[in-house]
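**Q** What follows is each chain in one-letter form.
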Amino acid sequence: MAAKPDEMAYYKHSKMLQVDYKPPSRDWMDPSVDFRPGSWIYPAKAKNLKILDLPNPRDWSPTDEDWKLPDNWKEIILEGMAERLEKYRSFRLFMDICVRCGACADKCHFFIGGGDPKNMPVLRAELVRSIYRRHFTTAGKIFGKLAGGRELTIDVIKEWFYYLFQCTECRRCSVFCPYGIDTAEITMIGRELLNLVGCHINWAIEPVANCFMTGNHMGILPHAYKDMADFLAEETEEIIGIDVKGDFNRKGAEILFITPSGDIFGDPGIITFMGYLTLFRYLKDQGLDITWSTYASEGGNFGLFTSHEMIKRLNVKMYAEAKRLKVKWILGGECGHMWRVVNQYMDTMNGPADFLEEPVSPITGTKFENAKSTKMVHITEFTADLIKNNKLKLDPSRNDHVKVTFHDSCNPARAMGLLEEPRYVIKNVCNNFYEMPDNTIREQTFCCGGGAGLGTEEMMEMRLRGGLPRGNAVKYVQEKHDVNRLACICAIDRATLVTVCDYWAPGVQVTGIHELVANALVFDGEKERTTDLRGEPLKGMEGEEE
Amino acid sequence: MRLLFPLLAVAVLILVAFAGATAGLNFLFGVVIPYVAFAIFVFGVVLRVVQWARVPVPFRIPSTCGQEKSFPWIKRNKIDNPSSTGAVVVRMLLEILLFRSLFRNTKAEIHYEPFSPAGPKVTYGSAKWLWLAGLAFHWSFLTIAIRHLRFFTEPIPSFVSLLEYLDGFFQIGVPAIYATDAVILAAVTYLFIRRVIVPQLRYISLPADYFPLFLIFGIVASGVLMRYVTRIDVVGIKELAMGWVTLHPTVPDGIGVMFYVHLFLVSTLFVYFPFSKLMHMGGVFLSPTRNLANNNRAVRHINPWDYPVKIHTYDEYEDDFRDLMKQAGIPVEKE
Amino acid sequence: MKLEDLLLQKKTSILEKWFQLIVETYPAETAKFLKKQKDRFANPVGAAIFQGIDGIFDQLCQEIDLDEVSPFLDKIVRIRAIQEFSPSQAVAFIFLLKHVIREELESEIRENRLSQELFIIESRIDDLALLSFNIYMKCREQIYEMKFNEVRNKTYSLLKKANLLYEIPKNVSGCQNETNTDKMTPLTV
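Just so you know, the protein sequences line up as chains G, Z and U, in that order. Numbers 86 to 631, taken from the numbering used here, label the letters of the first sequence in order. Numbers 16 to 350, taken from the numbering used here, label the letters of the second sequence in order. Numbers 10 to 198, taken from the numbering used here, label the letters of the third sequence in order.
Please keep in mind that the hints were generated in silico from the structure rather than gathered at the bench. Warning: the hint list may mix true and false statements.
Under the rule of at most 25 Å between Cα atoms (straight-line distance), these lysine-lysine pairs were calculated in the PhoX-like manner [claimed, not checked]:
1. G:K478 with G:K452
2. Z:K143 with U:K44
3. G:K172 with Z:K325
4. Z:K93 with G:K452
5. Z:K93 with G:K411
6. G:K132 with Z:K325
7. G:K457 with G:K411
8. G:K369 with G:K411
Using the sequences and the hints given, assemble the complete structure.
**A** Here's what the structure looks like:
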């Protein structure tokens, strides 16, 4: 056998380059997986599973030989599959009709940036589909492998764990599928099945457990949430000279505002949070009556990355709190998967929200007819309407020190179609806006690589692979137009794209849209601003001190 | 193996038909098998579609591929992000008739050409060929199927004759070569070659992907041979076909072996169809990411199997944290 | 020197072969994709390799300028540093060039007795490999730094609020009000 590239002999060998160091080309039906560092996530801790009454809490690691599954794990998985085949037409259909045309193959950011064939959406789905064929179709039962079936073994469970947690449920592949097969749907169901035998990731389950108990993913206690919000209000006051403090759990307010908790602690999300406070304070004089909640202090919903049931268990707080506080409708902050849940699941799961009123902007009188049943409005819809009706005095030149591009977050783009509102807002608050190339934005947008519960440090290499297509497009506008800000409407983006940009397009900072709005917002009789909300000098103010 | 087995299977099928026809089992191959196959096809397809349709759609999960309906002053994309049933129908029609999603893949783009002094240039991605071949294949197949109605009808409906006329419009050769015959052969060949030479595709392809291609190739090839080369007895075939339709099957003599091969392969396709990926034909109509409107926030969708779940209520939450809340001046329900 | 001219003459075919060998370090399915998909946004890895080796090659044909060649090496190494390669695999792509040059120019080198020049070129390739290793290590260090930063960013305001971070006063000379620390109350936990 020839020396391996790690060995010195390899380089002395006269024909060194004929050594084949391709990964062995194994048939995909072979389920064995190398758990390489940087490509998998720590398993859910027992204590978190216990809080949520989820099965098989225990301490284990994916690199262990024995995963400590329950004795009847196979039965559990197959029964779970059978149940879901009867409950979800999507799952049933997507198991049956794929023709393996390959249109989706090179649409996944993980495949593009990493090159593992099992990250082609078609194969990711086939990992589950092959089990379906073997155990649920006549042809598969008789012909087995020949009919594309695979026996369900422990190795398959391990393979599922590896690859279903390498999918960010971004739905890009589904845009290109001639039958609309949505890998996210298969990933979600596959994760539910893994959940049944206690194989889930801590980075999804811990936020879920936190959210269940404290109302938010970060596990922030009510007083701390208020304390932090007040602190950020004070930081804002330092810059704009106006008290922007909000209030909490106030009954009888007209609107309840809910946003992801990532924005109250995380940088740069906190600046977006300061942006919300600023906007709400500005509108207060025009009659905005809005409150925040510590109980529904989480817009995001990591239940989406866990199971359908868990989505419902966490989401219930939004309507419950709106009802308790007797508000008229709910305004939602900038968050990606939160809006997938709000737009596609909330009303079905926890509605009807007949105790709320059809949303009407108190400032412009605009009826948000597209939200008349769910009664929840996206803040870029709200702000776009304000701008359209000239209710905001804006000075976009206060954002002249930034050159902005916009990253469509997967869920608002592909599970909602919120494409123009954020752009409209950005264009009105910034003078320098540049789009990334067409096949990387809007419905074709590339994921940040850290969605669906994957945005954790131990997954760093995988995330950077997945972030490459996005980072590459950012780099392009950076080189071409000197872009230095990447705007987005997602809290996960605000955490993970920072890293993606640091690696692939260093120098580009990540921002929420309402940070830019607040920078441009001109209060009556305000003091002259010399810095933006980040404390960075405005254009023409460099070197000046307060 | 994945390729060889389906190839062998089709070869065996052809041999069986040959053997049957030469052994004089005309009634079996000309009447019994076609009838059974057709019955399996109809029942099978209906059964599968009913099976799918019976499974509920708990959530409304369309993939939105354009601007949502929000304010009147924002231009929305009615087709790719439909908000009404009418728009969904248009989306589905474009999807089913024109393979819109596959086409999306293939926008002309400015490409970075390696080592080219000419700089970037506009080219078409290879996926366009997939769309084109897919479209050519499916439309040709449909046209050919409709053309075959002339065997089953008397008098022949005018649209069938018209289609035949158009299909043979180029008047090349005697009898005139149908354009669709050429197109479907080319398309099937392309779809096959693509599967074999693109490593990604070869890697994912199963026997179930090759078998229908070989089978359809066999059907078309035997049909073409019959029409242009071996020249079988068309009048006899019409008699046979009319016999099936009128439920008075008779088997005229001297139809020709090639016809039985053709018929047997078609029968196989009928039997295979309902149990295979070919059911995508029916499935595409039911796909929840395509056939639902994105109007979730305006019209509530009902989940028929919704059930109550364990939640953490506000009261429990306040009980946990009341003191902390009071200290921070956050209003509480119970003092 | 003559070999450099020869290299420039044969640039296109050398680069094509080199590219071929590099992408073959990926699984076959991936290699085909990297080769075929020409859109630089749909195929950032392939595009980066193209651009990278093009620039590296130009540098190789002259005295190597570290500042100029580094960005090109970086394009390729940065990607391989986060893919599933061992460290040696990640930088070994540069050695593939030796093989290609020998293969492409073998007869010319013999005929014109250019082995001394070949030695120089190959030494440059060795330098490039060492440089690649530096870049590789820089990337890996950055990854660990980013891991740390993410943890810090996630709780940034918490640390700041809890007065756990030292902030350099805006006006060091003194007359500035004492930043904003006086407004901070320690977090009650």
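**Q** Now, for every hint given, state plainly whether the structure supports it.
**A** Hint-by-hint comparison with the structure:
no., hint, in the structure
1, G:K478 with G:K452, "holds (22 Å)"
2, Z:K143 with U:K44, "holds (17 Å)"
3, G:K172 with Z:K325, "holds (20 Å)"
4, Z:K93 with G:K452, "holds (20 Å)"
5, Z:K93 with G:K411, "violated (35 Å)"
6, G:K132 with Z:K325, "holds (18 Å)"
7, G:K457 with G:K411, "holds (17 Å)"
8, G:K369 with G:K411, "holds (19 Å)"
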